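Here is how the chains run, residue by residue.
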Amino acid sequence: MAISTTDTAPVTTASAPAKQAPPPRWRSREALTAWLFILPSLIGFLIFTAGPVVAAGVISLLNWNLFSAPTWAGLHNFARLGPDPTFWSALGSTAYFTLVSVPLTILVSLALALLLNQGVKRIAIFRSLLLLPYATITVAVAFVWIWLYIPHDGLVNAVLGWFGINGPAWLISDTWAMPALILMSVWKSFGFGMVVFLAGLQAIPQQLYESARVDGTSPWKSFRHITLPMLSPALFFVIVTSVIGSFQVFDQALIMTNGGPGTRTTTLVMYIYRTGFENYDQGYAAAQSLVLFAFIILITAAQFMFQRKLVHYDN
Amino acid sequence: MSTNLTRRSVLQLGGLAGIAFAAGCSSGPPAGAATWAMWSSSAAEKKVWEDFGKYVEQQLGVKSVATLTPSSGYPTKLDLQLVSGTASLVTALNGTLIPTYAARGAHRPLDDLIAADPDFKLDDFYETSRKISGFNNKTYAIGFDVAPTVMYYNKDLLKKQGVPLPSRTEPMSWATFRDLAKQLTKPGEQYGFTCAPAIDDLVSWIYCAGGNVMSADASRSALGDPEAMEALQFVIDLFVKDKVTPPIKNLVTESSLSNFMQGNVAFMQNGPWQVVNARKAKFDWDIIPFPAGANGSTPRVSGSSFAIPSGVREGAELDLAWKLLKTLTSTGALDIYAKAGRNNPARLSAGSAFQPPPDNLGIVQDILAGKIAGGHAFDVTTNWNQVKQLLGQDLPRTFLGQVSVPEAINGLTPRLDVLMRQHLDTVRQATARKG
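Here the protein sequences line up with chains A and B, keeping their order.
First residue of the first sequence? That's 1 in this note's numbering, and the numbers climb one at a time after it.
First residue of the second sequence? That's 1001 in this note's numbering, and the numbers climb one at a time after it.
The hints are simulated quantities; they were obtained by calculation from the structure and are not laboratory data.
On a predicted model such as this, the values are computed, not experimentally measured, just so you know.
For glycine and all other residues, C-beta sits at the position ideal for the given N, C-alpha and C.
Mixed in with the good hints, there may be bad ones.
Claimed, not checked - Not the full set, but computed from the structure, chain A residues with beta-carbon under 8 Å of chain B: (1) N65; (2) D174; (3) T263; (4) E278.
Stated by the list, open to error - Chain B regions said to be covered by chain A (calculated; three or more residues, Cβ under 8 Å): (5) 1074-1087; (6) 1103-1111; (7) 1239-1249; (8) 1375-1386; (9) 1391-1403.
Pulled out of the complex, with its shape left as it was, chain A reads as follows (with noise of 0.2 Å):
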């Protein structure tokens, strides 16, 4: 307890004792007991997150080969992004993958949850199968569909073949090429909207729906008015989630296609990967990195702007 001893202080009197005055939020022993718990995490976050973010701002500053020590370079490794095509034609080829993957994979994502939702028996299972895609590692997942896009073997262009279609040579087509990763991320990726979609879509009052068919509103009149406004929560968060994931596109294109043909699929983190790792040039991929972080950032932001019109949060 802390008295002042001063000439100027208030004396106390022993019939009324001074008030213990409560100790800072931050000091009291729930906010210390939390600090504890967050730390781990908080260390975790500083040393593997923020300090990775940062390191990567300085070296982007640096010439470093990696070996010997780094030079100084100033802006010069963003001044090169300019005039490189690759740099330009893996940011083109990334905005295709996630323009085109992201309505795909929220489409097929919320169909399959809109039927799963339908009172359907064993849900439970059925909710699982769906999902082992997205919980099976994408290595073993592309080797397959590696194989499923053979041209004249593979199982795509033999049930195209049954509607009389001659399949293209998808993984080796300029023009297909994309887009046979694009359908695989699709399917890989599908189970995790779907399971939050499901989540949000049995959170909604089913007496919101029960109130509409009184009034004899159409079954599309219930989704857009009640379903897709209620959902609103869920669908930002998934298309939030897999606009950052479509941007680090990686595993799936350096497997499957190699970033070929030509540089059709090379993506922005495999050519970030490439000029950090297979050509030593440290200073230009983090320069790079960044540039693809601040493209996050920018369309994050966006997003998050316009939520606040499209979102509906039912408290």
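Following the hints, complete the assembly by docking chain B onto the known chain A.
Only chain B this time, still in chain A's reference frame:
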């Protein structure tokens, strides 16, 4: 039984766990151990390196600790170890990466160690191995295998088609080879030839035509020169025009060995390092010298070597590293390597240990010794990964018929020229650093 844990006891337990974790992390090889790094992707390879380890322990009387990594991840792991100062005393290197590492100061030159060691005879290594292991007139590594590209052929298939078996010593001409490949092709059923749709295989044809990837002074790309263009067009025609090759299904999984092992391909371009795998074939096969172009039969000669990282500086550590490197590349160790059939050893005195089958395996040593046909050390730059990446983007499209050879080369040349200039800058910087 329930136990109430106090905050203090939780912290104590956490502290103990931390100490245990730290102790686990800090356990490295024992002091004075002979540590070496190598790629290893199969049980058979692992067995060879285990035998190497026993040989090292027997020869040096110290513990051998080998860090084995699958070949695909080996360069990245080695880079991280070199940067973090945790690399082994001796590290294996693919010949194409030796200039890359040497120019960046990742490995030390060995000339001072060789000069101070009268027991070590560099002359016992094939000249091409020595060329591959050097950079900027310095020796940066000592070879453990070296071999020219040869032509494998399916004896059973040729006999079945009534085609006389090719000469075991005289390389056939390109024209003869092309005619033979066409004659042996039955579309969709049987094919005349297979190779990888990549620069690694194309370069043998380019050397045989008298061309190269880069000019003699490495200042510009030479792929647009007539000799190289002739070679590129010849091979691409085999794929696109003559269609004597199995159709490419996927560039990532395309494997000439896998095509050949199907038993319906007459000729496969590959190195003797595939002998160990080809021995599993269910048909009779052999090897012959590479077809001769305008410059003769001078296919690429590739090899791998052992080097000492720059972090190993002086004293007992450097002494042990040199002894270890000598042991790993000694005739005794390379005999183990060759007897296991992995590849042709880099030493002349260990060559006889690489035994047939195939019947004509002896041509590998004859080519390296200059007795028949010839070979051309694989010329690479200090940024070979970048050159390879660039070529890997655009050249496969010619194999698919998506672009013509002149279109591909015209598109590639300005970017290749930039890489050549960067290579010369790197060489200049390395030379200045040395001075």
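*Which of the stated hints cannot be reconciled with the structure, identified by number in ascending sequence?*
none
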